[in-house]
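As they're listed, the protein sequences go chains P and F.
Using numbering that gives the first Met the number 0, read the first sequence as starting at 0 and increasing by one per residue.
Using numbering that gives the first Met the number 0, read the second sequence as starting at 0 and increasing by one per residue.
Read the hints as simulated data drawn from the structure, not as lab findings.
Check the hints yourself; a few may be wrong.
Unchecked claim - For each label pair, taking beta carbons as the anchor points, the in silico distance ranges come out as:
1) His161(F) x Pro63(P): 37 to 47 angstroms
2) Pro272(F) x Ala60(P): 30 to 40 angstroms
3) Gly121(F) x Glu74(P): 30 to 40 angstroms
4) Asn53(F) x Leu88(P): 49 to 59 angstroms
5) Leu183(F) x Trp7(P): 51 to 61 angstroms
What the hints assert, rightly or not - Here are the simulated DMTMM-like pairs of lysine to aspartate or glutamate, each with C-alpha atoms no more than 20 angstroms apart in a straight line:
6) Lys269(F) x Glu20(P)
7) Lys275(F) x Asp18(P)
8) Lys269(F) x Glu15(P)
9) Lys269(F) x Asp18(P)
Stated by the list, open to error - Chain F stretches covered by chain P per the calculated footprint, using a threshold of three residues with CB under 8 angstroms from any CB of chain P:
10) 237-249
11) 261-270
Backbone N, C-alpha and C fix where the C-beta goes; we use that ideal spot for every residue, glycine too.
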Amino acid sequence: MPSPQKPWRKPDYRLELLDNELLLFHPSRTVILYCNPTASLIWQLCDGQHTTQEIVALLSAAYPEASQAIPTDVESVLQQLQQAGAIELD
Amino acid sequence: MLKAFYNSSSKRELLSLIEKTRLISFANNTIAITYSGALPARIVDFLYRYVPANGSTPPHLTYRLLPADIPNRVRLYQGEVFIYEDSPELVAELLLGESCYHLAAQSQSGLLFHAAGLAKAGAGLLLPGQTGAGKSTLTTWLLTQRFDYLTDELIFIPWGTHMMQPLTRPLNLKRSARTVLYPLFDFATQSANILSSPRVDLIPPTLFNPAVPLRQASLSLIIFPHYQPDSDFTLRPLSRAQAGLELMRCLINARNLAGQGFSEVTRLVKAIPAYKLSYTNFEQIGDQITALLSL
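So that you can see chain P by itself, here it is in the shape it has in the complex (with noise of 0.2 angstroms):
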């Protein structure tokens, strides 16, 4: 069951978008992270507006052939940035 929180992403991680990825990078933690496509849209919507339901339910909208696995991608996606610091959920 999705959080109804809504992350928001730390400010002190550089990132670079490369093509559809995403590469974050905290400098003085010297922590990198590398997004696929799907991480890298998820962490574009990690803009302290929408819930992780809402960020589902966008993810789903746009890519329905993939609406069973996305609530689970975006957990596990979440999870991860939340681990390395680069996001945080109100």
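Starting from the known structure of chain P, fit chain F onto it as the hints suggest.
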């Protein structure tokens, strides 16, 4: 009297005892190695024959390499501090590791990668990887395929350029690599031309390709090698983000650089194609790397 002295063996012996200094310059850094005696001189020449000695910066560190009291042993000092005494092979291995570390630790104004570097027809090939990835072994085989040698360990790319500048050193091959290299190299007949410790063989690259190693080459292709016995052969293109991730992991001097070098690394991966190679034997590779360089 003077003439007799100059021609005497004692004069040659005396001259060999006078300390000489060899500057080792790489990545805008310089260290100095002072040495005396025939054995230390041979070690310095063996390790650093192709490394420029004309650094623009003064040395920040000096090593001293001297004959030991026991025959066929040498002593290594950092400044005046004694570090180690042992056989020439073991001291050479230690000195090479120490000098690479200290040249890398001070490096700024460019990206310093843990990577091998070669070139073919002027096109530079970067082989980044952690220790054990198989960089040196693959480099050795590529030398037999008439690739030009730059290094098997450290490549410096100055800010804003694609120019690969190597720390050119003898190939540093783990003893376990001998099983793979026996068809390419006769270790027994070449024993006088290499330095072998229980851990590694240090082999001049010219024993595999007689061409003089290059001082630099323009980067054209990045391949992340991974030697894996009994695995499938794969050579797959990496996305730019994947290449950036892998390249950041091989960046040695990030802590010395503005923004940890992140923007410079992404600049490179936007311009240079990158692949990941997993191989079990050299026959699998064939001409595929040459073909990629020619694209």
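Here is how each hint holds up against the structure:
Distance hint check for His161(F) and Pro63(P): the Cβ-Cβ separation is about 43 angstroms, which falls inside the suggested range of 37 to 47 angstroms. The hinted range of 30 to 40 angstroms is satisfied by Pro272(F) and Ala60(P), whose Cβ atoms lie roughly 35 angstroms apart. Separation of Gly121(F) from Glu74(P) is about 50 angstroms and departs from the stated range, judged on CB atoms against 30 to 40 angstroms. Checked against the hint of 49 to 59 angstroms, the C-beta distance between Asn53(F) and Leu88(P) comes to roughly 57 angstroms, which is consistent with it.
For the pair Leu183(F) and Trp7(P), the beta carbons lie near 56 angstroms from each other, so the given range of 51 to 61 angstroms is met. The hinted pair formed by Lys269(F) and Glu20(P) meets the criterion: a straight-line CA distance of about 12 angstroms does not exceed 20 angstroms. Only pairs whose Cα atoms come within 20 angstroms are accepted, and Lys275(F) paired with Asp18(P) is accepted, the gap being roughly 19 angstroms. Distance check on the hinted pair: Lys269(F) and Glu15(P) sit about 11 angstroms apart at the alpha-carbon level, within 20 angstroms; holds.
Using a Cα cut-off of 20 angstroms, the hinted pair Lys269(F) and Asp18(P) holds, with the two alpha carbons roughly 9 angstroms apart. Requiring three or more residues with a Cβ within less than 8 angstroms of a Cβ of chain P, the coverage given for the segment 237-249 of chain F holds, as 8 such residues are present. For the segment 261-270 of chain F, the assignment as covered by chain P holds, since 5 residues bring a beta-carbon within under 8 angstroms of that chain's beta-carbons and 3 suffice.
Violated hint for the displayed structure: number 3, the only one.
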